[in-house]
Every structure is written in C-alpha cells, then in structure tokens.
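Colleague: So the chains spell out like this:
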Amino acid sequence: MTAPAAPIPRNDLIVCPHCDAAYTLARPGHGERAVCYRCHTVLIMPRRKAGLQIIALSVAIVILITAAAIFPFLSIAVAGAHNSVSILDAALAFSDGPLVVLSLATAALIIFVPLARVLLSLYVLVPIVMDRPPAPQAAQAFRLAEALRPWSMAEIFAIGCAVALVKVSDLADVSFGPAFWMFAILVVLVVVQDNFLCRWSVWNALSKPAKS
Amino acid sequence: MERAEQTREVISARDLGVVACTRCLQVWPQGVQTCARCGHKLVQRDLKSLQRVWALWIIGFMCYIPANIYPMLRTRTLFHVQEDTIVGGAIELMHHGSIGVAAIILIASVVIPLAKFMAIAFLAISVTRPSTVSQNQRQLLYEVVEYIGRWSMIDIFVVAILSSLVQLKVLVAINPGLASLFFALSVIFTMLSAQAFDSRMIWDAQQQGKGQKQE
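First to last, the protein sequences are chains A and B.
When we follow our numbering, the leftmost residue of the first sequence carries the number 1, and every step to the right adds one.
When we follow our numbering, the leftmost residue of the second sequence carries the number 1001, and every step to the right adds one.
No lab work stands behind these hints, which were simulated from the structure alone.
One or more of the hints may lead you astray.
[Unchecked claim] Covered stretches of chain B, as calculated for chain A (at least 3 residues, CB under 8 Å):
{"id": "1", "segment": "1037-1051"}
{"id": "2", "segment": "1056-1064"}
{"id": "3", "segment": "1171-1185"}
{"id": "4", "segment": "1189-1199"}
[As the list claims (entries may be wrong)] Taking lysine to aspartate or glutamate and the EDC-like style, the derived pairs with C-alpha atoms no more than 16 Å apart in a straight line are:
{"id": "5", "chain 1": "A", "residue 1": "Lys-49", "chain 2": "A", "residue 2": "Asp-173"}
{"id": "6", "chain 1": "A", "residue 1": "Lys-167", "chain 2": "B", "residue 2": "Asp-1084"}
{"id": "7", "chain 1": "A", "residue 1": "Lys-49", "chain 2": "A", "residue 2": "Asp-131"}
{"id": "8", "chain 1": "A", "residue 1": "Lys-167", "chain 2": "B", "residue 2": "Glu-1143"}
{"id": "9", "chain 1": "A", "residue 1": "Lys-167", "chain 2": "A", "residue 2": "Asp-194"}
[What the hints assert, rightly or not] Listing some non-contacts, in silico: residues in chain A with all C-beta distances to chain B over 12 Å:
{"id": "10", "residue": "Ile-8"}
{"id": "11", "residue": "Pro-9"}
{"id": "12", "residue": "Val-15"}
{"id": "13", "residue": "Ile-55"}
{"id": "14", "residue": "Ala-60"}
{"id": "15", "residue": "Val-62"}
{"id": "16", "residue": "Leu-102"}
{"id": "17", "residue": "Met-130"}
{"id": "18", "residue": "Val-174"}
{"id": "19", "residue": "Phe-196"}
In this text, all values refer to a predicted model and were calculated from it rather than measured experimentally.
Glycine included, every Cβ here is placed at the ideal spot set by N, Cα and C.
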C-alpha cells in the first residue's frame, strides 16, 4: 500500500499455505482437485454450481438457526417435576458470578458465530454468483468469515447433547422438542456448506471486480 | 484427482523469491508488506510465531490446573450437595459400574488436553532442532491438533446442557462449578496457541538439511 507503484501479483503461481511449496498454477476442472504434492493440502476444488448450492444452504441455515434457538429443545421429567429448555437457555446456563462470561461465550459459539458466518458468506457470494461486481468491503467480510471458522461450534454442541443425554437418561425421562430435530439438520447443513466452499475460487472472483 | 504438481523437486516460495498470503493464497513478489487483495500482513516466515505459541501455551496450561482442582458440577439433591471435579466425577461413575462413560470422560477431558499440550510443545521444539520425525508426520500431527482443539469444548457444552436441563426445583438441580470457566479458557488458549504456529517452519528444516548434505 505504501509503495509508490502498486506491486504486481504473481497470478501464474500458487503457494501451499501450510508448507510454502510453490507451483505454477494449473486450474483444475469442475469436480477435480488441486492438491499440494508435498503435504497433500487441498488447494483448489471447484464444483459446478457450487455458488448457488451454497446460497440455498445458507438461507436454510439462517432460518433453522433462528427457529432452533427459540423453540424448546429438550425437556425432562422425573416424578411429576418437569423442565424444558431452549438452546438459548442452555447457552445461558452459566449465570452466576464470574461464569456470566462463559455464558456469553457459549451463546456466541453455538448460535451467533455460525449465524454471522452464514450471513457474511451470503453477502460475499450473492453478487459473485449473480455476475455483479463484488459488494463493498466483500474482501473484509470474507476474511472475517474465514477467521471465525474454527469458532463455529454448532456440530460440537450437537455431540455434547448426545453425551448429556446418556448421562441424564438413567436419571430421568428426556424428550426432544422440535428444536432438537431442527438443530440436527442444521449441523449436517453447516458441515456440507463448509465443504462445498472453494476458498481459492472465491478469492479469485473477489480480485476481479470488472468481470462482465 | 489432479495434483498441482509440475516438478518432482519441490521449490518453496521463499527460494523462488515470492511471498504468499496465508489467508487468500495470492502470491506477491518478495518485499511486499500487505496483501492488496485481502489486507492480510505478508510475512515470509513468522519469526515471532514461536514466542506467541509458547506464551499462549503457558496461559492454557496454567488455566488447566485450576480446571482440575475446582469442582466442575454441583449436584444438589433433596438431602445433600455433591461437588465433583473432572477426575472425581469419573471415579464416582466408575464405582457405580459405568466404566465406559467414565473412560470417555477421562479421555475427553484429561488425556486429549494433555496430549494436545505435549503435541504443540513437541512441534514448537522440533522446528528449532533436527528431528527424527518426518515432515509429513509432523504436518499430520499439526492438522490433528488443530482439528481436535475445538472438540474439547464438548465438556463445557455438556455442563451447560446438564445444568440448564436438570433444574427440578426441590428434587435435583445441577449447577456449573468454577472449573468450567477455567477449562473453557484452557481450551481457547490452546486453540490460539495451535493457530499461532507457522506450519511452514516444519518444512524449512528439511531443505536446510538437504543443502548441507549436498555441500
């Protein structure tokens, strides 16, 4: 940025981010993958119509997250006593004293980070797929979405539910609310959406503003 | 499956005089400071990476100690209150005969966190001196550590679910203990420590070694 003349990017090369091996760029066709020869990291994996599929999945995920957070998730009954919780209740379980911090972190990891990632990727992908110039600040948005990736823990929460159920099931009767099934579908969709997305292709599209 | 392979002899970007953005993979000539595509700072090798790894590693490890001393769960039944630490709870389960569940808890909250600390420490030490473990195995170890890191949060989620669900007024109530906070901090700092590690350094040693042999 500070240099008087803008540096010219080397678009003929691709470098593996994990082991720094450099290759001349050969774009794989749809359904093929470019893999680093040395450390076997997948570098490029374009899919036909991936953009539209990801957008469809993202819209579904937004709807499911919102619904799953509000409806009752699990309910428990022992000897007449009864309690049912939503995902938000579970996230906000750490409510006394210094544990409030943990409550906020849990709510973020389970609901808000996955939601933010999906909204950001919609913001980035919709203009690209519709062959329009990228949205303003699209690069920053995609960068943030990528940085949030390890902190999106919906699928881990789902497995946590299974463990908790095993622990409680001999203590009391547990029944699933509608949100439980929504959340189960949601987890599958989040994983699929993440695997469809070819990061290199998105960055490549973002670097060419005047496409049409 | 097509490999982006041109020559058998792998050339690193540093030897080629280019630097790659680790975030968006754009390749720039050496000396460029910031990636114009995504705004990420460009570094050939992150020399301060190991310092950050160790600093975060130490914080993570320090948080892991109180996580085992303080109680994780407070179970209040009709007549008495019971406080369980992670290991104490597992031993309790074992006495009740559910050895399987106890083993899962011990593996998930004791063995895996400790193995993660050891793996990160091993990787950080191995890039500073010659190692007998091959690059591919160390890269694999790094990827496993990065992948598994997030899954340790499962303990916290189980505590969250249990303590919000099991709230049956007088009969029984489960509340989280202070250990949950420290355990979560420990997991988060271990994740940050693994992320701070620049895995490109694993592969540098190989090339230096080769150069010395040929001379």
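Colleague: Now look at each hint and say whether the structure bears it out.
Modeller: Here is what the structure says about each hint:
1. Look at the segment 1037-1051 of chain B against chain A: 4 of its residues bring a Cβ nearer than 8 Å to a Cβ of that chain, three or more, so the hint holds.
2. Counting residues of the segment 1056-1064 of chain B whose C-beta sits closer than 8 Å to any C-beta of chain A gives 0, which falls short of three, so the coverage hint is violated.
3. Given a C-beta distance limit of less than 8 Å, the hint that chain A covers the segment 1171-1185 of chain B holds, as 8 residues qualify and 3 suffice.
4. Against chain A, the segment 1189-1199 of chain B contributes 3 residues with a C-beta closer than 8 Å to a partner C-beta. That satisfies the three-residue criterion, and the hint holds.
5. With a C-alpha separation of about 46 Å, the suggested pair Lys-49 (chain A) and Asp-173 (chain A) falls outside the 16 Å cut-off, and the hint is violated.
6. Annotation: proposed proximity of Lys-167 (chain A) to Asp-1084 (chain B) holds, straight-line Cα distance about 14 Å (limit 16 Å).
7. At most 16 Å may separate the alpha-carbon atoms for a hinted pair to count; Lys-49 (chain A) and Asp-131 (chain A) meet this at roughly 13 Å.
8. As the CA atoms of Lys-167 (chain A) and Glu-1143 (chain B) are separated by approximately 31 Å, the hinted pair breaks the 16 Å bound.
9. A hinted pair counts as satisfied when its Cα atoms are at most 16 Å apart, and Lys-167 (chain A) with Asp-194 (chain A) does not qualify at roughly 31 Å.
10. With a cut of 12 Å on Cβ distances, Ile-8 (chain A) falls inside the contact zone with chain B, its closest approach being about 7 Å.
11. Remark: the non-interface label on Pro-9 (chain A) conflicts with the geometry, its nearest Cβ contact in chain B lying 5 Å away (cut-off 12 Å).
12. Chain B draws Val-15 (chain A) into its interface by the beta-carbon criterion, the shortest separation being 3 Å against a cut-off of 12 Å.
13. At the 12 Å boundary, the C-beta of Ile-55 (chain A) stays outside the reach of chain B, the nearest C-beta of that chain being 21 Å off.
14. Consistency note on Ala-60 (chain A): stated as away from chain B, and its beta-carbon is indeed over 12 Å from all of that chain's, at 23 Å minimum.
15. For Val-62 (chain A), the shortest C-beta to C-beta distance to chain B comes to about 22 Å, beyond the 12 Å cut-off, and the non-interface label holds.
16. Its closest Cβ contact with chain B, about 5 Å, brings Leu-102 (chain A) to no more than 12 Å, contrary to its assignment away from the interface.
17. At roughly 21 Å from the closest C-beta of chain B, the C-beta of Met-130 (chain A) stays outside 12 Å, upholding its exclusion from the interface.
18. Listed as a non-interface residue, Val-174 (chain A) fails to keep its Cβ farther than 12 Å from every Cβ of chain B; the least gap is roughly 8 Å.
19. For Phe-196 (chain A), the shortest C-beta to C-beta distance to chain B comes to about 17 Å, beyond the 12 Å cut-off, and the non-interface label holds.
Violated hints for the displayed structure, listed by number in ascending order: 2, 5, 8, 9, 10, 11, 12, 16, 18.
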